[in-house]
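Read top to bottom, the protein sequences are chains A and B.
In this text, residue positions in the first sequence follow my numbering: the first is 1, and each later residue adds one.
In this text, residue positions in the second sequence follow my numbering: the first is 1001, and each later residue adds one.
If you are wondering where the hints come from, they were derived from the structure by calculation, not from laboratory data.
These numbers were taken from a predicted model, which means no experiment stands behind them.
Errors might be hidden in some of the hints.
To be verified - Listed next, the stretches of chain A that the computed footprint assigns to chain B, with coverage defined by at least 3 CB atoms under 8 Å from CB atoms of chain B:
(1) 105–112
(2) 217–228
(3) 279–286
Virtual Cβ for every residue (Gly too), placed ideally from N, Cα, C.
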Amino acid sequence: MKKVYQARTEKKLRPRSFSRAIQVGIVLIVLLFIVLTASTLLGSERLPLFDLSEQQRSIFYDVRLPRILLAASVGASLAVAGAGLQSLLRNPLAEPYLLGVSNGAALGTMLAFIFFDRFEFSRPVMAFVGAAVASFAVYQMARSRSGMNVERLVLSGVIVTTFLSSILVMMTTLIDAGKLRSFTFWLLGDLSQATRNGFYLSLGAAIVGTVVLTWQARALNLMMIGERDAFDFGVEVNRVRWLVFGVASLVVGASVAASGSVGYVGLIVPHLVRMSAGSDNRLVVPFSAVAGAIFVVSADTVARTAIAPRELPVGAVTALIGAPLFIYLLRRGS
Amino acid sequence: MLKVADLYIRYGYSEVIRNVSFEIRGGQITALLGANGAGKTTLVRAVNGTIPITSGEIGIDGRQIDSMTRREIAARIAVVAQENETRFPMSVFEFVLAGRFIHGGAFGWEGDEDIAVARKALEECDLASYETRFMNHLSGGERQRVVLARALATGAKILLLDEPTANLDLAHQAMMFRLVRERCDNEGFSAIVITHDLNLASEFADEIILLKQGSILATGAPEEVLNADSLQEIFGVRVLLDENPASRKVRVTTVY
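Work out the full structure: start from the sequences and follow the hints.
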């Protein structure tokens, strides 16, 4: 009985041929275009495909398009950060949010908002610094004489996350009540404040992140097996580790500064990609970028339309979809 | 190929490796024997640069190991150690191909040569039908053979094997040693093998190093080194020695 079951799961998971990878890639790209098109048309004001009026044009160009493109680049960023961190830490449950990277970026953004409000670029810069400091803190806490132990690292992530959360909550008392609601929204992940600069930054970070992590994908494949294995087989483990932490801080910083902490993207998307295309990071990283964009754009469309004309924070939607799906995956995986 | 001279390794105040010197030539299998905690794994890990040394020299092909990059070392030394399980679904073939890391460039996909080398390694390790199986569905012994196949696939000429036969059945123990022996005889490989199986060491090794509390107690051909006195000193057990009637090599029998 057991044998039959095993054989079946193996067949279902059997991947890895090149043609299969190409199929998955094509499906993802087609899906991305469909989702992008559909989401531009849907909203509190439905837009026609052709012959837009002056007012509809302005909605399209000034409101909807920047937001959708930001959603796409934020989704890509968070998904590749998740894929990279999971391989680095050999834990499919690792995620920017779980490790405190997102909260570090959120704290940085909040500090910039309170103290350097006049400079728009202080937010992404401070977010990057916050994310980097949080990853460094987690890494230092998790390090021990015998090297880096995965359980310890995840626990350190939880501690840093909760510590930063409490600081964030305390700091909301410094904000006047009028801004509080938008801030609460932003903490949960909110794309309604999309700006052109925020989008350019986030897109740039997403591209850099995807390219760098794809470039290191073979090394990450070995890291996924074990750090010592990677070292034995020629990977400069320290360099790769810092590179991944650096890239994760960069993409998460840019995303959080633009849209707050959208949770679960980095966890769910790489999981789904691995299930359909295998664990090879040379596919997992770029596919996660595309799939992450699809996921967040879809979630944001739901956030905009579900109770229109009012809006939900997109992070609430991703968590609502993500959490049950994650539990399902976890149960099925074990 | 590999030269270790006056090696010392200290952790804090404890000296783990003391004044160890030896040399490995091409085509030679060297067995590293010693009680638990004698420093065998530490020594082997130092040889491939994993553990920092306190003083002494380690040279590969005439170059000092501390002047070499990870890639350069990995191109010359392949390690077979106890495998830790990965939590990601990974096929046997992907696992073995990962051993070709040093041969690929940035963004590189494996070429025909990489695939051919990996296939050959799998065949040699009696794993031809395992290509699409998943690592986490294999038994300990099967995984151990995959780990050997990955090491063979690297193309490195020095093999460091840390208890390679620990999980293997009788047939595959012999297979593993025979495979290493063949590579040494025909292709100029050399190997350092940590093992607790004195008879396998006697059968397949050209040279044996007996390690006691971090320093070398004796070194030489199996028939010179394996004797009642040295084994009594290292393991604290009484042994009988005679000749294996099939191979004419020294045979060790423990007296319980």
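Exercise for the section: Please name the hints from earlier in the document that this structure breaks, with their numbers sorted from lowest to highest. Expected result: 1
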